[in-house]
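So the chains spell out like this:
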Amino acid sequence: MTPTAGLPDTRGAERAPGLRGWLLMAPLLAWLGAFVIAPTLIMLVYSFCDRDELGQVVFTFSWSNYTRVFDPTYLKILLKSVYYAAITTAICLVVGYPVAYWVGRAPERVRNKLLALIMIPFWTSFLIRTYAWMTILKSEGPLNSLLLYLGMISTPLDILYTPTAVVIGLVYSYLPFMILPIYGSVEKLDNALVEAAFDLGAGPVRAFASVIAPLTRPGIVAGVMLVFIPAIGMFAITDLMGGARVPMIGNVIQNQFGQARDWPFGAALGMTVLLLFAATFWLTTKKDPSAT
Amino acid sequence: MARKLSGMRLLNLLLGGWSGLVFLFLYIPIVLLIVYSFNASKMAIVWEGFSFKWYTALGREALDHVSGTKRSPLVESAINSVTIASIVTVFSVILGTAGAWLLYRYKFPALRSITTLVYIPMIIPEIIMGISLLIFFKAMSLTLGFTTVIISHITFCFPFVLIAVQARLAGVDPALEEAAMDLGATPMKALFLVMVPYMMPAIISGGLMAFTLSLDEVIVTYFTRGPTSETLPLRVYGLAKVGLSPILNTISAVFIVVTVALTVAAESVKGLNK
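Protein chains in written order, with my numbering: chain R, 11 to 302; chain G, 100 to 373.
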């Protein structure tokens, strides 16, 4: 809350930028134009191009790359990637929401310490955290040793390089990205509203469904986007945890710019993922008509 | 009433218990990795007793590399990473702070579009950013190397500085700057003597964020690096694909400690904001 909220705003911020203002703004705009907009446009151009036998890009116009994206082979991989990303997002939401809620409602002194506990894995390289799971899931690793010792299994489980391992890796890497934005919403939640719901006789389920969830919706939306979108295109975690056995759309894209040397097709796949991203973004941030 | 209260307490207890389990899930792998870095065994995961030998080996490798006795690709990539992250941080801080200040200072119709544009590099899937920049650099016939990695990193790092500073500016009392000018300061003087110090905690925590992000980045770097600009995370990725090794445990442990230190520093600076 700004102390002047509601008062007529007299500060200089209302000024329209003159020539000097635009000159000062120029580096920022130039940077965004050169390294965000231009690359996207060039990728769009490439996605309609062709390539010769040597992998050189031939500038023509054809839809062939896009028809290839919808070839059953690639479509299946794309759908599978969306499916894994959706599972990862769902698990992160179910696992992370209660944590975000509990931390957000904790007394302030404890809250900041707990928040730091979430920030540390958030900032630690996902690569290293994935590597840690490779260590744990190895057939002679600590998880199997523990389960064998407890007598819960008689032969070591082969979890590494399976789809399960991929999901574990994705959930582990993205969980903090779900918890943090929800925490942000929970922290702002007005305690009186929650208490009112309980006082009016709502049980925990009802209070959650009709008061807490709608009020923390912005955090949920942000969390879902921060997990779902990067999870679709992720190739490093799927590579390490799934071996070469669980190819995702990210691995296919990566391959087009590597061994396959088919940049135009890679660009078309990239554009498809970008459209998927834009659609998700639009659907989740669209104003909910039921919210007032 | 009493029954309801105890029900609430029970619910809170359940939530707390669940959160405890999740924290264990988040931390056990990290702690295990650090523990394993002290493992004497050559096999990365069979415990054979406590030892500093992998740290000594890593230290010796670093010394040999620095003194020029024996080139170590690993140490070289670590030096690359720190160099890149430092340059990226300087540029991101300048671009991000200036951007936040100007977006705060001026109001105009395109403001919203520009703000949205700033958010794009933060939320766009990294792989899209990686391949679009790769295609762009090739189309501009730029040789992939340090410059291309640095440009790419600045592009996704500076928005974090911008957002941090913008958040700080959102809470500023306009009287602060006005008072400075009423007391005879020129707009420039008011900016550098009053506003910049006010923004400083956000600038520092944003800068630390940019440094950590650049240091850890894998995907965008994967596409935009050249043969001479291999970074440490990419070297680690290459090694991890081949399999587990004790030296990898050691590097990871060092990496974790560095990240934790940077995070704690960024958070405590941010704490000063209040």
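None of these hints come from the bench; they were simulated from the model. Hints are supplied without guarantee of correctness; some may be wrong.
Sample of chain R residues lacking proximity to chain G, with all beta carbon distances greater than 12 Å (derived) [as the list claims (entries may be wrong)]:
| id | residue |
| --- | --- |
| 1 | Met129 |
| 2 | Ser220 |
| 3 | Val256 |
| 4 | Met281 |
Within a straight-line C-alpha distance of at most 25 Å, the following computed BS3-like cross-link-like pairs (lysine-lysine) qualify [as the list claims (entries may be wrong)]:
| id | chain 1 | residue 1 | chain 2 | residue 2 |
| --- | --- | --- | --- | --- |
| 5 | R | Lys148 | G | Lys152 |
| 6 | R | Lys90 | G | Lys152 |
| 7 | G | Lys340 | G | Lys152 |
| 8 | G | Lys141 | G | Lys206 |
| 9 | R | Lys198 | R | Lys123 |
| 10 | G | Lys340 | R | Lys148 |
| 11 | R | Lys123 | G | Lys369 |
| 12 | G | Lys369 | R | Lys198 |
| 13 | G | Lys141 | G | Lys152 |
Please read these numbers as outputs of a predicted model, since none were measured by experiment. Every residue gets a Cβ at the ideal spot worked out from N, C-alpha and C, and that includes glycine.
These are the hints, each one checked on the structure:
1. Non-interface status of R:Met129 relative to chain G is broken: a Cβ of that chain comes within 12 Å, the nearest being about 5 Å off.
2. Listed as outside the interface, R:Ser220 is consistent with that label: its C-beta sits roughly 17 Å from the nearest C-beta of chain G, beyond the 12 Å cut-off.
3. For R:Val256, the shortest C-beta to C-beta distance to chain G comes to about 14 Å, beyond the 12 Å cut-off, and the non-interface label holds.
4. Some Cβ of chain G comes within 12 Å of the Cβ of R:Met281; the nearest lies about 9 Å off, and the non-interface call is violated.
5. This hinted pair checks out: R:Lys148 and G:Lys152 have alpha carbons roughly 23 Å apart, not beyond 25 Å.
6. Simply put, R:Lys90 and G:Lys152 have alpha-carbon atoms about 44 Å apart, too far for the 25 Å limit, and the pair is violated.
7. A C-alpha spacing of about 24 Å is found between G:Lys340 and G:Lys152, which places the hinted pair at or below 25 Å, so the restraint holds.
8. Straight-line distance between C-alpha atoms of G:Lys141 and G:Lys206 comes to about 62 Å, which puts the hinted pair past the 25 Å bound.
9. Distance restraint check for R:Lys198 and R:Lys123: the Cα-Cα separation of roughly 18 Å lies within the 25 Å cut-off, and the hinted pair is therefore satisfied.
10. This hinted pair checks out: G:Lys340 and R:Lys148 have alpha carbons roughly 13 Å apart, not beyond 25 Å.
11. The hinted pair formed by R:Lys123 and G:Lys369 meets the criterion: a straight-line CA distance of about 13 Å does not exceed 25 Å.
12. This hinted pair checks out: G:Lys369 and R:Lys198 have alpha carbons roughly 18 Å apart, not beyond 25 Å.
13. For the given pair, G:Lys141 sits about 10 Å from G:Lys152 by alpha-carbon distance, which is consistent with the 25 Å threshold.
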